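Undergrad: Could you use the hints to bring the two separately framed chains together as a complex?
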Amino acid sequence: MRKNMVVVEGSYAVAHAVKVCRPNVISAYPITPQTHIVEDLAQFVADGEMNCEYINVESEFSAISALIGASATGARTYSSTTSQGLALMHEALFNASGMRLPIVMTVVNRALSAPINIWNDQQDSISQRDTGWIQLYAEDVQESADMTPQIYKLAEDEDVLLPAMSCMDGFILSHVYEPVILLEQSLTDEFLPAYDPEFVLDTKNPMSFGAFADPSTYTEFRYKQEKAMGVALEKIEKIANEFKDIYGRYYGGLIDGYVLDDAEIVIMAMGSIIGTVKDTIDELRTEGESVGLLKVRSFRPFPTEAIRKALKNAKVVITLDKNISIGKNEGALCTEVKACLHNTDNRVPVIGFMLGHGGRDIPINIIKKIINKAKLVEKGIFIESEFADLREDLA
Amino acid sequence: MKEIRIHGRGGQGSVTAAELLAVAAFEDGKYSQAFPAFGVERRGAPVTAFVRIDDKPIRLRSQIYEPDYVVVQDATLVDVVNIAAGAKPDGFILINTEKSPDSFNFNTKAIVKTLDATKLAMDIIGKPIVNTILAGAFAGVSGLINPESIKNAVMERFPGKVGEKNCQAIQTAYDLMEAQR
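Here the protein sequences come in this chain order: A and B.
Residues 1 to 395 in my numbering are what the first sequence lists, from first letter to last.
Residues 1001 to 1181 in my numbering are what the second sequence lists, from first letter to last.
Bound-form chain B, shown alone (with noise of 0.2 angstroms):
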């Protein structure tokens, strides 16, 4: 089993981000459970979302504290709460920044993969959201996922040109982390 472990912020799309991993991921043919931390929702707060992937249906309703993968939609999470808390040695932390990977110091074996999703959001969707970018740029780290899923699961969601934007980011968020594995 696989667990993934998402920060962001209320309205940043946390959770619609572990539900398209969730959907993509049983797409490629493997269980999966997406759920939210439970918050009482407001914008800008905090939020955590989580996902489990398995070859096997998934049983286990605990919240995730030992995550393979982190992926955090907003760097000045990092000051505010412990993302790299539990990270499993031999995972990664990818966040959405502008900076390069060694600026992070977390206390940590897992791997810190950088990308600057906000400003490919503004170049190519035109609007700073990220979560989707962020869905594909992690299938493009982990290899967990397929790309094609995810922008199924995408088109699914948001039909039309939203959805058709939103794969185009995914697709070069996937190509550069990819390049990176």
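So that you can see chain A by itself, here it is in the shape it has in the complex (with noise of 0.2 angstroms):
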């Protein structure tokens, strides 16, 4: 594996994995920390090594609106933004989903403002959470590149056909330069069949799409579009396990474990943090901590049953959220996984902590403090949810 590997930034591993999935059209507006991977493929483009219209546009609006009509005609299509931009996207987001147009982005997570903050956490693609686009978190520069062709299947998937964001820590793995392979175009030509929607915008045989619906008909879209997401919770472990099977490289489909087993605590999180909570773990281990990971992948589809059955044996869950929803003092993996156990026997504790706001840094010191904390519930003391990094002097 090693002899295959090279050492690219975050975002070049991103771009390059785009290229392979061959889109016909981008559309994009640059905004930091997204820049890299949307420079990278107008060089692509520019030098014609991809066959592919690049679509400059004067913001992120009009970039998800250009790639509406683009993939409505039959188009395969990809943006990339963050923060600000992704929030600007915000109204058309529903359209693309409501239309069941499955455009990819990536998302590139980062604060959003005020105040101005350029730096990561996933409160812009949480706060996207009901507008009907799949959502799956990637944990490492090779996830975010392989999750590209893997997020494309599942939702071109004609039983599918919903929008998709595939999320990648902002800076933490859009600018870290790590071992990578580089998608091979061979494999990815043999993984992903081309998109051959039964539905498109085409003046031989004119339809509308996104056209008018009244009382009697506007319920069955949502019921629909909520029923294709229940087709995905199913297809996303079988896509993972398809790709492993040609690419040799697997990361979990819903959800995946780390030595969770056995596990008394575990601790449920989502993107670039896995990767320090490993190691905290390994840590804790050796000093006989019985203590595991549950990695969240797919937010949504919510993998409510996955969950269900990965937390079984758990005595204490710690959940970590890099987001706040501001009036219930909770991040969202927080109260989705309590809300999952709720009609179940399961009366596990879930202890939420927010953390790694706004691009504050997340070192193995604050995972144990966590990890101390949510301990205390043994002894009687529960913590409901609370900022696991907050800076006394300043709070």
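If you're looking for bench data, these hints aren't it; they were derived computationally from the structure.
Bear in mind that the values here come from a model prediction, so they are computed numbers and not experimental data.
Careful, some of the hints might be misleading.
[What the hints assert, rightly or not] Rough simulated footprint, nothing fancy, chain A against chain B, three-plus residues with beta-carbon under 8 angstroms:
1. 1029-1035
2. 1048-1062
3. 1099-1106
Just so it is clear, CB atoms sit at the ideal spot from N, CA and C, and this is done for glycine as well.
TA: Set out below in structure tokens:
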């Protein structure tokens, strides 16, 4: 495996992965920390390495709007954005999902203003939770790259047809140089079939997309989107295994466990924090602590059943969130995990920790501190949810 | 795992130096990771970049607080940034300066090494670009990376005359520092 690896920037690895997926239309507006991905793609197109229409636009709203039009004609489409750019797309994200257009977008996760902050957290994509887009979260650069053809295959599946976000943490993954295998064109061609939708905008066979739906039909459009998400839930694992068969790499489907089976304390998290948590767990395991990890790869669709099963033997569950629902004092993962356990017999305490907002670094000692705090539950001291890395001097 | 922290100023190529070390270490058969301390990059502003080198794949994503090695591209940073912060006692701090190591007094047990990389850069490359030279000097002091791997990484990144001059400077810096190891 090592022999095929090269040390490249995370953004390059993802841009290269997009290239081998052969999109027909790319439209994007540059914004930190997504910039390197779209610069690399623009370079590929300019150099003739990609047979692709690259549409420069004046805003993210136009980028997504251009792709909605392009996707409706049957094109494979791609964009990437972050933070304010994703927020600006918000209105059109519903159009893309409602019209069942499998647009793929890399979200390079970043905090939202105000105060202005260009660094990483996951408030941006989490805030788009209910737009009807699939959301997968990657742990490292290789997974960020590998997720690209996986998510195209998922989004474009004829029983799914939903737009999808492949989320990678800004700077932490987009700007890191580390060894990766750049996706082979031949394997990707074998893995990812051409996009050939049944319904397209075509002057020879005119039809409307996203037309009027009154109360007599609107509900069923939503119902069918939800049903499609249910299909996606089943296919994510299947596609991850197909990917494994062809490329030899696997990151879990909906979820993935790390020394989970016998773990009394289970940490749940999404994205690049996973690697640091794994190192923390390795340290604690040598000290005899019973700690494991449950990585959540798919946030939408939410893997309710898989999580219920994975948490069966847990004594304490810790959720780590790089986001907050202000007014609930919880991150989204915490809320969702609690909700998914509610109608079961499993009354395991779920303790929420929010951290890493606006790029605040997450060293191993913060994870250890969190675990120690969560363990207080054994002594009857229960923390519902709190910020894990507040500065005492500013708070 | 060995951890390196590079201090420089925006425009001095600290991030490139980190990248070159990561590429070279990987060529040497190790695993590596390089990343910047994500600032709002401005020319002249203090910049930090990090490198991790290990025998196994690297999963840790936090910044480096207790570096085995510190590399300082610009000695004026010594007055601005606590460049010795957390430096491991058995490690070293490599500074680009015409001054001798004993003219620095950091509160650390780490050994201070100095090299007038700017002069070397002017003499060999003809420009005060010191990042590749310090990468070579780092290899010389640490013995952690093969200088040939750094040169290969440089030629890959800067092919032609520019790369060749940098390689000459890298070898000179390596030899100077290796002699003191």
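Undergrad: If you check each hint against the structure, which ones fail?
TA: Failing hint: just 3.
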